[in-house]
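*Asks:* Sequence:
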Amino acid sequence: MANLEKEIESLEKASKDGDFRASYRLAQMYNQGVNVKRDLEVSSEYFDTAFRQLNEANATNETNYLLGTFYLFGLGTVNKDEEKAFSFFKKSADKNDVNGIVMIANAYLNGIGVEKDEEEGYKLVLKVKDSKHPLAYKIYADCKMRGIGTEVDLKEAVKYYKLAAENNDITSVFILGTLYYEGKGVEKDLKKSYEYFEKAAEFNYPDALKNIAFFYSKGIHVEQNNEKEAEYLKRYADTGSIDGMFIYGTICLERQKGLFKYREGLEYLKRAVSLKEPRATHVMGKIYENGEYGVFINKNLAFNHYITAYNLGLKQAAHDVLRCLKQGIGTTANPAKIQEFEKIVEELQNNSDNRA
17 MANLEKEIES LEKASKDGDF RASYRLAQMY NQGVNVKRDL EVSSEYFDTA
67 FRQLNEANAT NETNYLLGTF YLFGLGTVNK DEEKAFSFFK KSADKNDVNG
117 IVMIANAYLN GIGVEKDEEE GYKLVLKVKD SKHPLAYKIY ADCKMRGIGT
167 EVDLKEAVKY YKLAAENNDI TSVFILGTLY YEGKGVEKDL KKSYEYFEKA
217 AEFNYPDALK NIAFFYSKGI HVEQNNEKEA EYLKRYADTG SIDGMFIYGT
267 ICLERQKGLF KYREGLEYLK RAVSLKEPRA THVMGKIYEN GEYGVFINKN
317 LAFNHYITAY NLGLKQAAHD VLRCLKQGIG TTANPAKIQE FEKIVEELQN
367 NSDNRA
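Take 17 as the starting number for the sequence shown in the working numbering and just add one per residue.
Hints are computed from structural coordinates only; laboratory data are not their basis. You may find that some hints are simply not true.
[What the hints assert, rightly or not] The calculated lysine-lysine pairs, modelled on DSS-like cross-linking and capped at a C-alpha distance of 30 Å, are:
{"#": "1", "residue 1": "K277", "residue 2": "K234"}
{"#": "2", "residue 1": "K53", "residue 2": "K111"}
{"#": "3", "residue 1": "K22", "residue 2": "K100"}
{"#": "4", "residue 1": "K111", "residue 2": "K100"}
{"#": "5", "residue 1": "K53", "residue 2": "K106"}
{"#": "6", "residue 1": "K286", "residue 2": "K208"}
{"#": "7", "residue 1": "K342", "residue 2": "K315"}
[Unchecked claim] Ranges of calculated distance between the beta carbons of each label pair, as one might list FRET restraints:
{"#": "8", "residue 1": "G307", "residue 2": "Q332", "range": "21 to 27 Å"}
{"#": "9", "residue 1": "G344", "residue 2": "I24", "range": "28 to 34 Å"}
{"#": "10", "residue 1": "L170", "residue 2": "E239", "range": "30 to 36 Å"}
{"#": "11", "residue 1": "D97", "residue 2": "N242", "range": "54 to 60 Å"}
All values reported here derive from a predicted model rather than from experimental measurement. Built from N, CA and C at the ideal position, the CB exists for glycine as well.
The whole structure should be built from the sequences, with the hints applied where relevant.
*Replies:* Next comes the structure, spelled out in structure tokens:
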């Protein structure tokens, strides 16, 4: 702990002295919650400091690459601009900088700031695939896995995902967990799948946390354990995942799992509602209509949640909207609206029958 505190103090001093690397590193740490409490406001301040320092520094491959990342991701208060990002990455790539070449290859493969050109992207990643750059390993593996700019070669893809994982590319660690779970490019192995997911979960990789929760919920490779499932789902929610907030919120309301934490569940569901998650919005509508979990009955709020959930894309919420319209629950009778939602519900029913 003492060494960590000294490291942070050293980075803070260097940042104040004009070191863009220190400012950028501190911004990343606060953004991801690495060795410090996650604080997006502090992170943004350090990103802005780093951006100013980078623009004041002499232009080099490193400064061009880092400025590219600002425009690619919209770091701090910098507006996202993919074309500007591409131009900065290209400046470093033109001088044979591996970081720049990797980012330019990725840009061509995905049409980021430039017209998509898979052949050009693959040609570029071939130049750096053995450069010990984790993202180069990963992008090359992606190409081989999906046949992007080249032929599919699953074994080659797995080989390079493993190289990327060994060089701390956490996305590749997660992908390997998925491949071992599906038996794609490797023999199916739930133990290895769990191990890779668990390793990615150590870095709070959202989908890895969700998958480990699934393993515990179904007893896959591990004993079924509702408490461990909830623990990982809470961590999933706390990464900022709206999906995680909804799932963890609902699991807290499930009495049969013995995890009944309705106050916490409501807190996470309301957080998801504020971020326009349609399923959470629909669930909260039910809670307001029925006055559950210590919440006072509020029919108007219930109807507003149902119609909002529908407008956010949850088509099944139309059933509750129609019911409220017909019965005057939280709204006044409106023949035109009733007719509109009768047609919507009828169409939903027909589609459901056709699928059956």
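*Asks:* Determine for every hint whether it applies to the structure shown.
*Replies:* Each hint tested on the structure:
no.: 1; hint: K277 - K234; in the structure: holds (21 Å)
no.: 2; hint: K53 - K111; in the structure: violated (38 Å)
no.: 3; hint: K22 - K100; in the structure: violated (37 Å)
no.: 4; hint: K111 - K100; in the structure: holds (18 Å)
no.: 5; hint: K53 - K106; in the structure: violated (35 Å)
no.: 6; hint: K286 - K208; in the structure: violated (37 Å)
no.: 7; hint: K342 - K315; in the structure: holds (14 Å)
no.: 8; hint: G307 - Q332: 21 to 27 Å; in the structure: holds (22 Å)
no.: 9; hint: G344 - I24: 28 to 34 Å; in the structure: violated (60 Å)
no.: 10; hint: L170 - E239: 30 to 36 Å; in the structure: holds (32 Å)
no.: 11; hint: D97 - N242: 54 to 60 Å; in the structure: violated (46 Å)
Violation of the numbered hints given earlier is confined to hints 2, 3, 5, 6, 9 and 11; the remaining hints are satisfied by the structure.
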